[in-house]
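Sequence order for the protein chains is A and B.
In case it helps, the working numbering puts the first sequence at residues 1 to 216.
In case it helps, the working numbering puts the second sequence at residues 1 to 77.
There's no promise every hint is true.
[To be verified] Computed spacing ranges between beta-carbons, pair by pair:
1. 34/B - 145/A: 49 to 59 Å
2. 72/B - 12/A: 29 to 39 Å
3. 23/B - 58/A: 41 to 51 Å
4. 82/A - 77/B: 28 to 38 Å
5. 38/B - 37/A: 40 to 50 Å
6. 169/A - 16/B: 28 to 38 Å
For the record, the hints were derived by calculation from the structure and aren't laboratory data.
We put the beta carbon where it would ideally sit given N, CA and C, even for glycine.
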Amino acid sequence: MKVIEVEGKTVEDAKRRAAEELGLNADSVDDNLVEIIDEGKSGIFGFGVSRPAKIRVTYNADIKDVGANVKTVLNEILTRMGVKYIINEFHEGESKVYVEFESDDSGLIIGKKGRNLEAIQFIVNVIVSQQTSTEKKIILDIEGYRAKRERAIKKVSFEAAKKVMRTGKPVVLEPMNPFERRLVHLSLQNHDKVETKSEGMGIYRKVKILPKNVSE
Amino acid sequence: MCKEVVEYIVKSLVDRPDQVELREIEGDKSTILELRVPKDDMGKVIGKHGRIARAIRTVMTAASVKSGKRVVLEILD
């Protein structure tokens with residue numbers, strides 16, 4: 001966040017100068033917080049006391065540019081991949097930017113177990129955070145894939161838990177990313193018969209579901 | 001197509017995009033992309049535990065599906 005004070009002949013003039021200083025369009029200054037400290041006084045026919053207009057602009061670099069930047073970076077990547085798409089939903093919150101889009105190539109964009117979507121999302125996050133120094137997390141979703149995947153993971157977790165209860169032996173799930181592992185832990189955290197643990201390193205980290213040791 | 005994807009991503013990540021070199025070596029079945037970046041920018045392309053490099057390769061491979069040719073990215077120093 002940046003706060004600058006700018007003087008100009010009129011308020012409009014000061015706004016223009018502020019925009020210049022911040023490297024923005026004059027129009028986008030209105031979207032940020034402009035506080036008029038002094039309306040200024042031009043004096044009559046150049047006589048009298050003239051006073052410059054003074055404004056204070058509170059500029060939050062994250063307010064506008066992050067959303068636009070996300071769209072640009074995503075577009076540059078997808079277009080170069082030869083993918084056509086339409087953005088259906090776009091939210092920008094305090095800590096997150098959510099983009100949902102659809103495409104005829106959705107299968108290609110998602111990839112095996114969402115691998116491609118994860119990679120695109122990761123790269124968009126790195127580029128946007130570098131270019132706008134935002135800490136917002138960008139979430140890409142395509143045709144409701146994330147919700148579907150979430151449901152699928154919960155189902156797998158419960159089924160594995162049943163198997164553990166039936167056989168009394170631990171079950172190791174396939175490797176998952178941190179978000180997905182967290183989902184497994186969460187969906188089984190209140191289970192009274194099984195417990196969950198992550199094991200392995202890096203991208204091969206997996207969740208292990210094992211019977212709860214009642215004696216403990 | 002793959003080259004353009006890699007080029008855009010790499011140039012957006014590094015501090016000195018003008019010094020990014022990306023050479024395409026066409027083979028019969030596969031294409032090799034040779035990437036050179038200034039030493040100081042190497043970390044930006046590779047990332048912690050090679051996370052960025054892996055993501056670039058994944059996106060590149062996805063892009064290659066449309067062209068039907070295998071693409072390999074080599075990051076040289």
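These are the hints, each one checked on the structure:
{"no.": "1", "hint": "34/B - 145/A: 49 to 59 Å", "result": "violated, 34 Å"}
{"no.": "2", "hint": "72/B - 12/A: 29 to 39 Å", "result": "violated, 57 Å"}
{"no.": "3", "hint": "23/B - 58/A: 41 to 51 Å", "result": "holds, 47 Å"}
{"no.": "4", "hint": "82/A - 77/B: 28 to 38 Å", "result": "holds, 30 Å"}
{"no.": "5", "hint": "38/B - 37/A: 40 to 50 Å", "result": "holds, 46 Å"}
{"no.": "6", "hint": "169/A - 16/B: 28 to 38 Å", "result": "violated, 55 Å"}
Comparing the model with each earlier hint shows violations of hints 1, 2 and 6; every other hint is respected.
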